[in-house]
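Trainee: Sequence:
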Amino acid sequence: MNDAEVEMDESTSEAEKMRIIYKRKYARNYRQKLRADILQQEELKQMLAQVQAENRQLKETLDGLRREHQEIITNFIQSAGLLQFGFANTLRGPSSS
1 MNDAEVEMDE STSEAEKMRI IYKRKYARNY RQKLRADILQ QEELKQMLAQ
51 VQAENRQLKE TLDGLRREHQ EIITNFIQSA GLLQFGFANT LRGPSSS
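The opening position of the sequence shown corresponds to residue 1 in the working numbering, with each subsequent residue numbered one higher.
Honestly, I wouldn't trust all of these hints.
[Unchecked claim] Think about it this way: if two alpha-carbon atoms lie no more than 27 Å apart in a straight line, the pair counts; the simulated BS3-like pairs of lysine-lysine are:
| hint | residue 1 | residue 2 |
| --- | --- | --- |
| 1 | Lys45 | Lys25 |
| 2 | Lys45 | Lys33 |
| 3 | Lys45 | Lys59 |
Read the hints as simulated data drawn from the structure, not as lab findings.
Given the sequences, and given the hints that come with them, work out the whole structure.
Mentor: Written out as structure tokens, the structure reads:
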């Protein structure tokens with residue numbers, strides 16, 4: 001029986017009709033809330049997956065920049081050492097052999 005049929009049923013008391021209709025409305029609202037919660041949970045899972053993917057990309061980029069930074073510093077130190085060594089040799093003058 002649907003709600004309209006319950007209301008029209010003369011064998012059921014008014015109090016029983018109200019109780020049945022209230023329970024049905026409550027159950028419908030509860031199912032609707034569950035569906036909305038499940039939908040929201042799926043959306044949150046998708047958002048989490050996107051954030052995790054972006055996080056992995058950013059981590060890879062950061063690791064690459066760290067390696068590049070380390071290479072630049074290493075090259076700078078090596079070139080500074082060579083410049084210092086070359087400059088020191090020019091101050092000494094030609095070596096006498």
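Trainee: For which of the previously enumerated hints does the structure constitute a violation, in increasing order of number?
Mentor: 1
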